[in-house]
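Protein chains in written order, with the working numbering: chain H, 1 to 266; chain G, 1001 to 1266; chain D, 2001 to 2323; chain V, 3001 to 3323.
Honestly, the hints are just simulated from the structure, not real lab data.
Accuracy of the hints is not assured; some may be wrong.
Under the rule of at most 27 Å between Cα atoms (straight-line distance), these lysine-lysine pairs were calculated in the BS3-like manner [as the list claims (entries may be wrong)]:
1. H:Lys132 with V:Lys3299
2. V:Lys3137 with V:Lys3094
3. D:Lys2094 with G:Lys1162
4. G:Lys1132 with D:Lys2245
5. D:Lys2094 with G:Lys1168
To be clear about the criterion: a stretch of chain D counts as covered by chain G if any three or more of its residues have a C-beta under 8 Å from a C-beta of chain G, and this derived list gives those stretches [what the hints assert, rightly or not]:
6. 2105-2113
7. 2304-2315
Selected chain V positions facing chain G (Cβ under 8 Å, derived; list incomplete) [what the hints assert, rightly or not]:
8. Asn3051
9. Glu3211
10. Ala3237
11. Phe3288
No residue lacks a Cβ here, since even glycine has one placed at the ideal position from N, Cα and C.
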Amino acid sequence: MLKDSTGGKRELRMNQYSPREMMATTAGRMINNGDVVFAGTGISMLAATVAKRIHAPDAVVFFETGGIDPSLEELPLAVADPRVMAGTSMNAGLIEAFSILGHRRLRTVAFLGAAQIDRFGNLNSTVLGDYKKPRTRFPGSGGACDAASLAWGIIIFMQHEKRRFVEKLDYLTSPGWLSGGDSRAKAGFVRGGPIAVVTNLGIMRFDHVSRAMYLSEVYPGVLPQEVVANTGFEIDISGVREADPPTDRELLTLREDVDPQRLILG
Amino acid sequence: MLKDSTGGKRELRMNQYSPREMMATTAGRMINNGDVVFAGTGISMLAATVAKRIHAPDAVVFFETGGIDPSLEELPLAVADPRVMAGTSMNAGLIEAFSILGHRRLRTVAFLGAAQIDRFGNLNSTVLGDYKKPRTRFPGSGGACDAASLAWGIIIFMQHEKRRFVEKLDYLTSPGWLSGGDSRAKAGFVRGGPIAVVTNLGIMRFDHVSRAMYLSEVYPGVLPQEVVANTGFEIDISGVREADPPTDRELLTLREDVDPQRLILG
Amino acid sequence: MPHDITKKLMSPEEAVRRFISDGSQIALGGFTVSRNNMVLAREIIRQKKRNLHVVCHSHGQALDLLIGAGCVRRLEIAYGGMGRFAPTCIRFRKAVCAGQIDIEDYSNYQMSLRFLAGAMGLPFMATKSGLGTDLVKIEGFPIDVRGTGKVPSMKLAIIENPFNGAEDRVVLLPALTPDVALIHAQYVGEDGTVRLKGLTFADLEQARSAEHVIVTCEEVVPRSFIRDDPDQNSLPAFLVDAVVKAPFGAHPTACYQFYDYDPRHLKLYRNMAANDDLFQEYLENWVFNLPDQEAYLEKVGITDLMRIKASPAVGYAQGLDRR
Amino acid sequence: MPHDITKKLMSPEEAVRRFISDGSQIALGGFTVSRNNMVLAREIIRQKKRNLHVVCHSHGQALDLLIGAGCVRRLEIAYGGMGRFAPTCIRFRKAVCAGQIDIEDYSNYQMSLRFLAGAMGLPFMATKSGLGTDLVKIEGFPIDVRGTGKVPSMKLAIIENPFNGAEDRVVLLPALTPDVALIHAQYVGEDGTVRLKGLTFADLEQARSAEHVIVTCEEVVPRSFIRDDPDQNSLPAFLVDAVVKAPFGAHPTACYQFYDYDPRHLKLYRNMAANDDLFQEYLENWVFNLPDQEAYLEKVGITDLMRIKASPAVGYAQGLDRR
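For reference, chain H alone in the conformation it holds in the complex:
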């Protein structure tokens, strides 16, 4: 992984790419053609858009605010940005959007981020410290708990830091595999659960039986031990392989087509 140490961000060459570019293209590849993608803002917008422009043209991007399949000629900076209302197939509302999110006949994939994650992919986006007297406050669930509860699957973006990959969440905002095993189904959920965690170091997935997180791929130049060192709980790295870097086409699409202003790429 090459950091952009050359200064001019706009001069990144094709064999160089930033962590964000790696994360966006990696996550984008997880989108299948035909998926219905519940996008947030930030890097998930990039992932969804690059997927749509390259290998998943029939994937439909929609937003919890109700915007379905917008043209996205400019990148929205919030899910209520008027840019999610332009060129859509339909402008609905939250009720319709969450109905779609949980629709049993759709393969809905939601992108989420959070302040903390645990080994079972449960997420905290509410508080650090005690809920009643928090050390800091985050925005809250928004639609994250709903997506984690109702979508066919979720893909999580995180900065890979020990304080974020924690043994125990300060607050469980969004359900992952809960306490592992079949606990998610026992809690009453009929589908869903985390598919992968995409960080600035690599890709984590979840064991199909224990539902514990394991290291699946590291980015070129990242050592598995870096992941271990930045993870606050024990993580299995025995099956790791190196991730494929972004292709020229992915990078070109990202930089020139999806986010030419580098609003999200930075």
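Got chain H; can you put chains G, D and V on it based on the hints?
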């Protein structure tokens, strides 16, 4: 009550009027300006429209199908008639319409008809005979049970016949005062209940304590004993008075403005 | 171009063959005299589908035809009527009285809430409508079908409102998730987006609650047309399985902004439906002997179709003789 | 002409004075960066309303300003943020950490369902969203306010689905029926009909759930305009108590088809909100020292307003510098 025995229906004079005209104008007078009126088709359309054109211009007529405040330049023959979609303030759907019907901040008045009524204003529009093996079948509740459950009040149109005013309903489709007294509140309803029953003979209302039906008004020329003879349960006629006949203005509005084709007036 | 409907565009024959089986639970869109999906109803009859489980709120012509033709075994419904043309649907009444179909009565709001629950992925909806009535006291379906197929384990449940204490009772209505919803729309875009005009009834809830959706439409319009004002659109393409272009597809019921109901045909139907032999003749003449919608419209004839053509000013046929 | 708005048309000052009291439960329409009812938020602050109980789903600028100005005592919310301009609303975060407001966390769907339940007159809504999380395990409001005012007796209830047996658990969410909903719309007709363009978020459910509704709008349009296509309309007149004509009434948040969010103002706000003294200065400069919306817009200035003016082609300001 003068029957139209002269032959030419369109030649009714102003001092003559049909039972339907009497029913429509009588019920129309029960609409207050500002009421939100849940109309059906048939005579209730006439009542609502004549009220709106004469004394309640701010009353809003809406339909369970979702049409709110249509211009009603032509009379609809069903609540899903395209005539309820024209010139409306809003074309919604059933969910919105029933939400309005039950909205606690609105004085919603619903017009209903039925095949049978009992002394407490409960209605049957489902079957005659045993439910599982009926002698005859009617269309069913439609929105009638909802209106009788949720509206601020209901006004009921009936032909006054013994087989329709019965001691016991074959099937209770729409709740009136249930078993009388405070039974409606005890069943779980927070408002509503029958205001009046408008028939071809007169107007019935409900005692405020017992909630039993009593004869309130008879039409000119109708004897209270005719009502008793055509009612299948005991009915108090001690407080009856003669109803005011339709005014010239009401009749003119009905005949020339509201239903010039006599689609409903017959 | 992504999201086009070429793979979804099909004939009524193909749509019914692919998405409706004997025993399917089907939701009928429209309401009494409006936007009944007649083109699919006639095709279902032609293909002799049997034991259908129909779920709807207030329905008319398509329902009555399906029942009369012997396609329906089970029915969950609030109202079977055609306004002034048939205050109670005729074949519906006959079939119920003869015990030929199992029927479960709900109210319009109750049925709408059940579709909405299915559409939103909720297990049930709570309402106060119906407390104290026979709608909540009497079950129509035989006990042995309860919990089988798409029949819920109970017609409904009455519970105490946990937020208000024992005195506050509410009715819980089980969600509906029909196998197929049949919707007749004014427009479908070439991107597959559906636009209904006028009242939507519970069509959108029905479509969103269903496993599969067949949309017949008056017009297939360019993507640029349908996307010009997305605020007006009703269903996204990914909820629609089949699109059938079927002008006058709701005839003899109305389709707002396109045509009115056809009083002459509805009176013809009423007269023939009242008699078993004449009803069979109606089915022969208007369904079995006609291979498709084109032949049906030829039989109705341009004169009658022009008579009911909607005025663009009001969306119905102004001054139409409806007596 | 019946149904006109002459009796309902009023200034923001009058609307707030008549319909909002200390302690009122108010629903904020809009969503993060869009259609926040800023003109009413500023007026509420000017009138020094206190102890407000705010209910919303994902909210941003108006909420943060109201909290920062000390108007809010209780908050039921899913998300307090302004997208890239403030991932967590700044005064919101400070107030929660300082224990200055009582907060109850729900998710967006949960809050939307609660408004929908109120709108539909249902006592509660059932969902599976949130099972197993701290959203359903931890109550934020102190026990002594439970059941008082508009605070429900429980945050939520978990029950067994009576249709499916003990293994199938669902979350019941109590209905919301706020005292007032504040909605900013693009159009209100002279007949009082409201039309929202673009995404409606949960505004319609909020308005329909409330005892009173104040609608501010960009344009008051003739009856003939608003009734020309009733399919596009959002709320009937009889659900609206006050109509306030307020061009740019959502600034600095966006109003689709009229103007974009104002990145310069939002950055100014972010910088000033981060510091207690600067935030007071912001309130003085942008709220207290300005008597009304006209003065506010003069202070923003025509140059910045023209910069964010929406292109009619896309509904936002194309190429706006948003870095």
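Now the hints, each set against the structure:
1. Taking the CA atoms of Lys132 (chain H) and Lys3299 (chain V), the gap is about 40 Å. The hint is violated against a cut of 27 Å.
2. In summary, the hint linking Lys3137 (chain V) to Lys3094 (chain V) is supported, as the alpha carbons are separated by about 24 Å, within the 27 Å threshold.
3. With a C-alpha separation of about 25 Å, the suggested pairing of Lys2094 (chain D) with Lys1162 (chain G) holds against the 27 Å cut-off.
4. Simply put, Lys1132 (chain G) and Lys2245 (chain D) have alpha-carbon atoms about 41 Å apart, too far for the 27 Å limit, and the pair is violated.
5. Restraint check for Lys2094 (chain D) and Lys1168 (chain G): the C-alpha separation of about 25 Å stays at or below 27 Å, so the hint holds.
6. For a cut-off of 8 Å, the count of residues in the region 2105-2113 of chain D with a CB near a CB of chain G stands at 8, and the three-residue condition holds.
7. Proximity of the region 2304-2315 of chain D to chain G, defined as three or more residues with a beta carbon under 8 Å from a beta carbon of that chain, is established by the 3 residues found.
8. The criterion of a C-beta within 8 Å of any C-beta in chain G is not met by Asn3051 (chain V), whose closest approach is roughly 23 Å, and the hint is violated.
9. For Glu3211 (chain V), the interface hint holds, the least distance from its beta-carbon to any beta-carbon of chain G being 6 Å, beneath 8 Å.
10. With a least beta-carbon distance of about 6 Å to chain G, the hint placing Ala3237 (chain V) at the interface is held under the 8 Å criterion.
11. Violation of the interface hint for Phe3288 (chain V) is found here, the shortest Cβ-Cβ separation to chain G being roughly 34 Å, above the 8 Å cut-off.
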